[in-house]
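Peer 1: Going line by line, the protein sequences match chains H and P.
The letter at position 440 of the first sequence is residue 426 when you use our numbering, and the numbering goes up by one with no holes.
To convert a position in the second sequence, counted from 1, into our numbering, add 74.
If you're looking for bench data, these hints aren't it; they were derived computationally from the structure.
Quick caveat, the model's predicted, so the values are computed rather than measured.
Ideal Cβ placement from N, Cα and C applies to all residues, glycine included.
Please note that a few of the clues may not be correct.
Unchecked claim - Derived coverage of chain H by chain P (criterion: at least 3 residues anywhere in the stretch with Cβ under 8 Å from a Cβ of chain P; other residues may be distant):
{"id": "1", "stretch": "1 to 8"}
{"id": "2", "stretch": "154 to 163"}
{"id": "3", "stretch": "331 to 338"}
{"id": "4", "stretch": "405 to 417"}
Said to hold, decoys possible - Here are a few chain P residues that face chain H, going by a calculated C-beta distance under 7 Å:
{"id": "5", "residue": "R80"}
{"id": "6", "residue": "L81"}
{"id": "7", "residue": "F84"}
{"id": "8", "residue": "I85"}
{"id": "9", "residue": "L88"}
{"id": "10", "residue": "I93"}
{"id": "11", "residue": "I96"}
{"id": "12", "residue": "R98"}
{"id": "13", "residue": "Y101"}
{"id": "14", "residue": "L102"}
{"id": "15", "residue": "Q103"}
{"id": "16", "residue": "I104"}
{"id": "17", "residue": "P594"}
{"id": "18", "residue": "I596"}
Stated by the list, open to error - Here are the simulated lysine-lysine pairs, DSS-like style, with alpha carbons at most 27 Å apart:
{"id": "19", "chain 1": "H", "residue 1": "K54", "chain 2": "P", "residue 2": "K77"}
{"id": "20", "chain 1": "P", "residue 1": "K179", "chain 2": "H", "residue 2": "K238"}
{"id": "21", "chain 1": "P", "residue 1": "K255", "chain 2": "P", "residue 2": "K241"}
{"id": "22", "chain 1": "H", "residue 1": "K29", "chain 2": "P", "residue 2": "K155"}
{"id": "23", "chain 1": "P", "residue 1": "K178", "chain 2": "P", "residue 2": "K241"}
{"id": "24", "chain 1": "P", "residue 1": "K178", "chain 2": "H", "residue 2": "K238"}
{"id": "25", "chain 1": "P", "residue 1": "K179", "chain 2": "H", "residue 2": "K29"}
{"id": "26", "chain 1": "P", "residue 1": "K657", "chain 2": "P", "residue 2": "K626"}
{"id": "27", "chain 1": "P", "residue 1": "K275", "chain 2": "P", "residue 2": "K255"}
{"id": "28", "chain 1": "P", "residue 1": "K241", "chain 2": "H", "residue 2": "K235"}
{"id": "29", "chain 1": "P", "residue 1": "K136", "chain 2": "P", "residue 2": "K218"}
{"id": "30", "chain 1": "P", "residue 1": "K657", "chain 2": "H", "residue 2": "K359"}
{"id": "31", "chain 1": "H", "residue 1": "K238", "chain 2": "P", "residue 2": "K182"}
So you can see what is in the structure, the chains are spelled out below.
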Amino acid sequence: MEEKLHIDWLSVILYILIVIFGAINIYSANSGVEEVLKLDFTKEYGKQVLFIGVSAIIVFLILLTDYKFFNFSAYGIYIVVIGLLLVLLATGSFNKGAQAWFKIGSFKLQPSEFAKYATALALAKYLGTFDVKFEGKRNILISFGIILFPMLLTLLQNDTGSALVFGCFVLVLFREGLSGWWLILGVYLLAIFVTTILLPSIQIIIALLIICGLFTYFNRVRKQLVFLAVTVFLASSFYVLSLDFVFAKILKPHQQQRILVTLNQDVDEYYAKKSQGFSIFKFEKSKEKEKSESKRDYSYNVRQSKISIGAGRWVGNGFNNGTQTKAKLVPEQHTDFIFCTVGEEYGFLGSTLFIAIYLLLIGRIYYLAERQKNVFSRVFGYSTASILFFHFFVNIGMALGILPVIGIPLPFMSYGGSSLISFSMLLFTFLKLDANRINEISRLN
Amino acid sequence: MEKSKRLYVFIGILVLIGIVFICRLFYLQIIDTSNYYKAQAYGSNEITIYPARGTIVDRNGKLMVYNDAVYDLMVIPQKAKDFDKVALCKELMLDTIEFNKRLKKATKYNPREASVIYKNLPFHLYTRLQEIIYQFPAFYIETKIDRRYNINGAAHLLGYMGEVTEKQLALDKYYKPGDIKGITGLEKSYEIYLRGKKGKKVVLVDKFSKQQGSFAGGKFDSLPSAGQNVISAIDLDLQVFGEQLLANKIGSIVAIEPSTGEVLSIVNSPNYDPNLLVGQRRNKNFASLLLDPSKPLFNRALKAPYPPGSTFKTVQALIGMQEGVLTPDTKYPCHGGYHMGSITVGCHAHGSPLDLKSSIAKSCNAYYCYVYRSILDNPRYNSVQDAYVKWTQYLNSFGIGINTGIDLPEESRGIVKKPSWFEHEFGKNWRSSNVVSMSIGQGQIGLTPLQMANIAAIIANRGYYYTPHVVRSIGDQRFVPPSFKQRHYTMVNAMYFDTVIAGMANVCSPGGTASRTGIPGITICAKTGTAQNPHGKDHSIFIAFAPRDNPKIAICVIVENGGYGADYAAPIANLMIERYLSKDRSLPSQKPDMLDRMLKANLTGKSTTVKDSIMIVKPK
Ligand SMILES: [Zn+2]
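Extracted from the complex, chain H is given alone in its bound form (with noise of 0.2 Å):
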């Protein structure tokens, strides 16, 4: 290379640690108790091994490789992911029931994992074409339909957790110009979707009534805040009543138990009061029926979740000796559980500081993206931030028992070529972006 290299260190330090400590975690989730120290491929642990030496390849070339050629190849290299992911339907249709993968060899590739990448790609592009700003209906929609269009194919291979991941782009569109009123509606819809489902929906739809009314009464006067209450009342009302129908009738019983487990509701005496008038709609039996299994599974992921964190008490058992761990009691631990390993076996102080070192990631990578002088960087930048903080956000907080049970890794942490190596091109075609801002100054002067 003829110029050095200005790529930020700090980023790969922090990087280099997380993809060591999630190998070292995952081989004491998968390693038995007697097994001695030492590198099996034909385990999980063995194969992280792996897939951390094709990421440092991968890396290697994207390094290498000219920084304009990503935003000139941003929309070559969406469309052939949602051509992959159009094949994957068109198969998984033949082949009775969706299918996420593509089988080479031994090794499953998940394109749904690459779509988030191309995704991040092609809205950094769009946005960074010399013209568009994200304002205007036809370029805000043109911005939707980017995130939109990946997000409704990953979600009819019934991967519904990759597919909320795009919701996290929401947030791009926030720093790039989307009003901060959208955020807040976001929550505000969220808030009464707990409260629906916890709450007879009679009795928040008085609520609403009480706290609209008295609104009104105090600022009778003022005709625009009367009716904007009245509308928020309407609205909210035929919300809740829909979010009860939707619940009641159209979800599935494996679905709402995700979601009662989450809110810490037991099961069984939820249906009972269902049942006896608490929502509008009626549960239908054969739908209570057929539970079991299913439910018993996430409640137990999630508890069994708790007690090996819990065991972990302020300095963890050590590595290699979590009891819980080693008994292989937390189904899925080495993937989507990966975090409970770290929380029993280095205790309240590690975790701490594992979710510390982690967050310092993220912020780094907002910061750098932040200092960007071009838009399609910045983009880039803070797609790869707000891809990584969904994805800790949600399984940290699935594991901790206070978020659904939604099936998505921990990036640089979770077994998984495709999710390792994906989430490595990311971050690196990021600060491969970043170490070329140099160039970008000197080229405009």
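With chain H held as given, fit chain P with the ligand onto it using these hints.
Peer 2: Positioned in the frame of chain H, the structure of chain P with the ligand alone reads:
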């Protein structure tokens, strides 16, 4: 806000989420120690220790029901991998298909919890398995208790045990699959007292599931506490005697102590041996009892409503006096029966006219046709219908047409029709003449033997009763449910009972309807009855209490197809009373011929209508 300043919003969210997660971690790992202890419990096995179920003794302390240990083979399905299935099946003498079926069922219930895979291990298998069970870490033997009965009767009263159903498992967290609980009788109604509290022992196990000793110094262990013993009101000697008397007959006997409401015996015939319904052969025996055409499982005493026949005249007389349409001196003529228009109710030959007292002793049908019609046609009421409703209220106060509330499951209310039933049958303005057969306890009226015995108790008490109860007290503290001590008064004033009792006192004396059955030295107040049976020979009925002053026993005997009340029911009742009142039960009966005749009588042989008689006593 300038867009580049929005970076601070992002940083703010990150810090906020960090704080929330760390607080949650602090709660889970430092504050809430329960998770820590749950984690410690890994590498340990929880073993349930079953409490001894309470025993049941009779009123004199004789043991009726006790326990015996049985052994079940348990499995934890999740751990049941990589074991020598063929070897285990060979030991258990099971084929692998059946074994797999059971394992699948256990897995379906809950793969992480223990379920029974082989119930009631025979003793030789139990000893053999103890030697080899360590080779099968997912399996262990659990000791449970099973019931044993000291008697071969009283089955309906004691009830039987059975495995909990899935529905009950969901309702009551006490039970787990394979547990047994009371299904009928006392075993069911006193289940919560009898079952006790389960204990548990948490033991450390090594990786081969071998027990390595107590976990955490026994901190999480709890001892079982045995179920409470139940002291029954039943007089076992009287119960067995009653069963001997009813052998080879269909019917039942209920005896109550009037001053307390304690049930002294409940005899059903046909009966069965309660020991048939325990242990390995339980299911097979249960099936054959269920299919038996004589219906041995049917609890006649509590569930079969019979027309009370002439015993009902006592109730009619009491209501008539309270309503003011009848006095002890009221006389009605009888010339071979009651004739009014197209109605004729026949009567046997006796002097005429009779007063109230003699009408009971002689059981005059005509007399009660007059009494009942005067009750229903009482000008105090706007209509016959209103008078009828009032009459049914009287009946309810006698425990007729309502549940008596006895402490046994599955009681019938008997049959008392609503006015609307008669409207449907005879038109809107039906008259007292339409229902005249009820004057003498026939037609649209049905009482269970328990209800009839309760009437005898009410008359003995001169106007009130205690809810009949089979249990005297519970546990070492001799707990008596307060409901047992509560008096239920009838709507009839105490002063009206004397005349009826005087009449009943003459039933077993010369001139009475059961004159030949009396026991020397005991004043038995009684009433005979005969229930018409359209399907065969009439049912013989008898209610009685004795002695006249300070009554100790009230009784009802019903013998299906036994003919007149005096034929079978009266002698059996008198023998029961004699037995109960005698100071020494080993003394021979004063009426050895009568006793011999009753013991030998076989009515099931000549009755060809066993099924029919059951059919008609069934409520519609
Ligand atoms: Zn007569």
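Peer 1: For every hint, state whether the structure bears it out.
Peer 2: These are the hints, each one checked on the structure:
1. 1 to 8: violated (count 0)
2. 154 to 163: holds (count 5)
3. 331 to 338: With 4 residues close enough to chain P, the hint holds.
4. 405 to 417: Contact hint for the stretch 405 to 417 of chain H vs chain P: violated, 0 residues under 8 Å.
5. R80: holds (5 Å)
6. L81: Hint holds; P:L81 Cβ to chain H Cβ min 4 Å, cut 7 Å.
7. F84: Cβ of P:F84 sits 5 Å from chain H, so the hint holds.
8. I85: Holds, because the Cβ-Cβ distance from P:I85 to chain H comes to roughly 6 Å (cut-off 7 Å).
9. L88: Holds, about 5 Å.
10. I93: Violated. Min distance 10 Å.
11. I96: At 5 Å from the nearest chain H Cβ, P:I96 passes the 7 Å test, so the hint holds.
12. R98: Hint on P:R98: holds, closest Cβ of chain H at ~5 Å, below 7 Å.
13. Y101: violated (9 Å)
14. L102: Cβ of P:L102 sits 5 Å from chain H, so the hint holds.
15. Q103: Hint on P:Q103: holds, closest Cβ of chain H at ~4 Å, below 7 Å.
16. I104: Cβ of P:I104 sits 6 Å from chain H, so the hint holds.
17. P594: violated (65 Å)
18. I596: violated (59 Å)
19. H:K54 x P:K77: holds (26 Å)
20. P:K179 x H:K238: holds (25 Å)
21. P:K255 x P:K241: holds (13 Å)
22. H:K29 x P:K155: Given pair H:K29, P:K155 holds - Cα atoms ~21 Å apart, limit 27 Å.
23. P:K178 x P:K241: Between P:K178 and P:K241 the Cα gap is close to 19 Å, so the pair holds against 27 Å.
24. P:K178 x H:K238: holds (26 Å)
25. P:K179 x H:K29: violated (33 Å)
26. P:K657 x P:K626: holds (13 Å)
27. P:K275 x P:K255: OK: P:K275 and P:K255 at ~22 Å, within 27 Å.
28. P:K241 x H:K235: Roughly 25 Å separates the two Cα atoms, so the pair holds.
29. P:K136 x P:K218: holds (24 Å)
30. P:K657 x H:K359: violated (114 Å)
31. H:K238 x P:K182: holds (21 Å)
Violation of the numbered hints given earlier is confined to hints 1, 4, 10, 13, 17, 18, 25, 30; the remaining hints are satisfied by the structure.
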